[in-house]
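**Student:** The whole structure should be built from the sequences, with the hints applied where relevant.
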Amino acid sequence: MKRLLTAAFLAAMASGASAEDVKLQLKWVTQAQFAGYYVAKDKGFYEEEGLNVTILPGGPDIAPTQVIAGGGADVIVEWMPAALAAREKGLPLVNIAQPFAKSGMMLTCLKETGIKEPKDFADKTLGVWFFGNEYPFLSWMATLGLKTDGSPGGVTVLKQGFNVDPLLQKQAACISTMTYNEYWQVIDAGIKPEDLVTFKYEDQGVATLEDGLYVLEDRLADPAFQETMVKFVRASMKGWKYAEANPDEAAMIVLDNDQTGAQTETHQKRMMGEIAKLTAGSNGALDVAAAEQTVATLLAGGSDPVITKAPEGAWTSVITDKALAN
Amino acid sequence: MTALWIAIGIWLAAWALNVWLSASPISQTRLGKLLVPLVFGATVLVLWEGLVRGLGIAPVILPAPSAIAAKIAVSLPILWQDFAQTILKGAIPGFLIGAGAAFLVAIAIDRSPFLQRGLLPIGNFVAALPIVGLAPILVMWFGFDWQSKAAVVVVMVFFPMLVNIVAGLQASERMQRDLMATWGASYVQTLIKLRLPAAMPFVFNGLKIASTLALIGAIVAEFFGSPVYGMGFRISTEVGRLGLDMVWAEIAVAALAGSALYGLVALIERWVTFWHPSQRH
Amino acid sequence: MNRVLPVLTVLTGIVVIWYAAAVWMNAAWVFDQAQRAGQEVTWAEVIPQTMDQPRPLLPPPHQVGAELWKGLFGQAVTSKRSLVYHGIVTLKGTMMGFGLGIVVGVLLAMAIVRFRVMDLSVMPWAIISQTVPIVALAPMIITVSSQLGLSGRDVPKAVIAAYLSFFPVLVSMVKGLRSPDQMQLDLLKTYGAGEAATFLKLRLPASMPYFFASLKVAVAASLVGTIVGELPTGAIEGLGARMLIGSQFGEPLIMWAALFAAAILAGLLILTVGLVERVARRRMGVPA
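Residue numbers (the numbering used here), protein chains in the order written: chain A, 1 to 326; chain B, 1 to 281; chain C, 1 to 288.
Hint data in this document are derived by calculation from the structure and do not stem from the laboratory. Be aware that one or more of the hints could be misleading.
Stated by the list, open to error - Cut-off 27 Å, straight-line C-alpha distance, at most; resulting in silico cross-link-like pairs (DSS-like, lysine-lysine):
hint, chain 1, residue 1, chain 2, residue 2
1, A, K111, A, K124
2, A, K269, A, K89
3, A, K119, A, K170
4, C, K175, B, K33
5, A, K192, A, K111
6, B, K208, C, K175
7, B, K89, A, K170
8, A, K147, B, K33
9, A, K124, B, K33
10, C, K201, C, K189
11, A, K269, C, K70
12, A, K269, A, K116
13, A, K147, A, K119
14, C, K216, B, K208
15, A, K269, C, K175
16, A, K322, A, K241
17, C, K80, A, K43
18, C, K201, C, K175
19, B, K33, B, K208
Claimed, not checked - Computed list of chain B residues with no C-beta within reach of chain C, every gap over 12 Å:
hint, residue
20, L4
21, L96
22, L179
23, L191
Said to hold, decoys possible - Sample of chain A residues lacking proximity to chain B, with all beta carbon distances greater than 12 Å (derived):
hint, residue
24, A122
25, D123
26, F130
27, N133
28, E227
29, K241
30, N246
31, A289
Every residue gets a Cβ at the ideal spot worked out from N, C-alpha and C, and that includes glycine.
**Tutor:** Printed below as a string of structure tokens:
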């Protein structure tokens, strides 16, 4: 407990003097996946609430969970499986809001490999992201009864990099894609949709909750922090709804915030369109049934479960109840 | 806090021991030369342990050495599998192929001063480039397994080696070469008996640089795609899972492997270039 | 001048091989596409198609050149799309790391030469430190520096760069500070020079050629460190970040252009250091 307290203490120190400063750590690089936050910032929604929000883009070596543990952020965008796994490791993360109602994760396969349904995965090579994103995949394979250690009858797993090359170079039969990003890169690369077979995690009943907002449990006890988070979630959701309604404008806001200057308008506009489908129907409040479904999926992890027991107190509606009250 | 003060106390005592050791005749012996750095290394670990415990640093940020050691003890099979994938299959073949290719190219262009004049500045330039940036491209070309890792290592190692070997082949003195000529030695004889031995200090200098590059290359390349084992894979995955003790266990293995490789090169160097002034202690 | 022709010859050779490789590597995709469309293609049709693919396996030189030109001169240097802008970001990190590396390297070298205990205890660990893959430490360096309240990306980047660049300076400076021979040391003793005077008047000047020789290596190492640091530390700006984004979004041209921009930067840095070295040598009266 002492350790946790120190982490919390450091986090409190790092958040600085003004209580209304909020640092948000994203899960990945600046892209339309995080449009709501950028819109809320650029459109002044945060400012209206009296917040000074700093958005920190992520990257391949940045684990938001580690950043928040180190006090580098007040709130993080994370996927529920990774957050729950971190919670089991002793980092008490709590979900305070869930802007993404649906999962955008899927497995995209080349038709020529002969894969038609999930049981055809046996003895094939599948590309998977790691770094905390592998949990839903491992759970799915466990439900299918496929071993992931490369033994006969199981599947061979590749750690796929940050792009779709393994599919294009035929190094893998299937790769992980997001509906809003990598899938379209495959299409852009000149492969026709009819040459592809896709399996959405959502359709396979193994969906887990993606991009949610998480904070440290001990800090939630502080009413001032709670108040800040209420404002933050309210403004963020306003940003998300604005982005949903004005996808093109939102994409341009994201582009303006991309400091690498390497993102393109086509990519971001299309991504925004797909993201809007995932955020549609969420007012920010967590759907407890979906969260329990996530937990059930993760617990089904067979011999190597992602989490060993159902978490307690891993989500709260305290913030969203207040934020959505008016 | 007591843990911290105890650690600092041990640190000071050990430092005093080292000061005394270095001043005493023991430090002239081989044992002494080994003992002093070991004591120093041990005190760093003790201080680290004390810091982590004394300040209550969360294990998801910096695990204590004892926790890392415990992790190493229970994960030996995994560590070995990762080591075999990254070092034995990626780094070492790449190192050998890269150094071998550089050697062949250096010999091939040896008789053409024209090519040497052309290749050397370019080689020097490329040797200074951030070749690691090629890693994602090479992973795309050579696939996920160790082949792409070896390829990254080959490219990283090749140019520093080439530059050093070419410079080494020019290291023999005019007078020595003239002497060989008066004895009627052929090109090949001069190469084998005089110029190659004379080049060895340069070759080993290159090999030492290459040995550390090889490790970095193999690990960075795993970042951009790999099978589900390997040191780079484990490090990047475990950071995401907050398994920092495992990350440090891999770092320890990497440091050990790197030092062993470096030490091996240094040992062979001593054996091959026993005649060079730098080896006479 | 007798170098120009050979270098040009070798460069031409490289470009020719590059084109050949581009045709060979990119052709597979053209054939694949034709097969999916159920068409037959001849080599005469394939070759032009390998020259301007949007996502080539190996972009031919002119494509890289065009992208590089666009990145360098296609827009204002302050634009986020400008490679000059990202080059400057990387340069800043490199220089900070380089400076830090020099300071650490020189101070450690002084301590090692002065105190035998430092020599025996620290030197072996300095060598071992270089065998630790820095990428593995990068995330740790980021979290620790954010814990210390340094939230900017510059500090972790500079630390990584310094970690790689201090070593060549250290090794050369130790050699250099030890380079005065016994006779010279004895002479200074007969003049009644103290330790400080010996250091300032003999050891330090004697070490300068070694120092400058190490700078070229150190600056190159620092650039590598900065780029490696930019890959994982949040991929926000800098040439390393662009390489990563290029890789992630399947835009190989962006990646190659960033790679060549990094090469140009490396060339400029090495030239500058070489120039500084030459000026310093002349000032100190060292024969060229």
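**Student:** Do the alpha carbons of K192(A) and K111(A) lie within 27 Å of each other, as the hint requires?
**Tutor:** At roughly 10 Å apart (the allowed maximum being 27 Å), K111(A) and K192(A) satisfy the hint.
**Student:** Say whether it holds or is violated: N246(A) keeps its Cβ farther than 12 Å from all Cβ of chain B.
**Tutor:** Nearest chain B Cβ is 34 Å from N246(A), so the label holds.
**Student:** For F130(A), which was marked as not at the interface, is the minimum beta-carbon distance to chain B over 12 Å?
**Tutor:** violated, 4 Å
**Student:** Within 27 Å, alpha carbon to alpha carbon, are K269(A) and K116(A)?
**Tutor:** Between K269(A) and K116(A) the Cα gap is close to 31 Å, so the pair fails against 27 Å, i.e. violated.
**Student:** Far enough from chain B: is every CB of that chain over 12 Å from the CB of D123(A)?
**Tutor:** At roughly 16 Å from the nearest Cβ of chain B, D123(A) sits farther out than 12 Å, so the non-interface label holds.
**Student:** With the threshold set at 27 Å, check whether the alpha-carbon distance from K269(A) to K70(C) stays at or below it.
**Tutor:** Status holds; Cα separation ~23 Å.
**Student:** Taken at face value, is the distance from the CA of K124(A) to the CA of K111(A) at most 27 Å?
**Tutor:** Holds, at roughly 13 Å.
**Student:** Holds or violated: K216(C) and K208(B), Cα atoms, limit 27 Å.
**Tutor:** holds, 18 Å
**Student:** Please work out if K269(A) and K175(C) have their alpha carbons no farther apart than 27 Å.
**Tutor:** violated, 59 Å
**Student:** Please confirm whether L4(B) is truly not at the interface, meaning its C-beta sits more than 12 Å away from all C-beta atoms of chain C.
**Tutor:** holds, 17 Å
**Student:** Between K80(C) and K43(A), does the CA-CA distance stay at or below 27 Å?
**Tutor:** holds, 21 Å
**Student:** A122(A) clear of chain B by more than 12 Å, beta carbon to beta carbon?
**Tutor:** holds, 17 Å
When held up to the earlier numbered hints, the structure conflicts with 2, 8, 9, 12, 15, 26 and 27 and fits the remainder.
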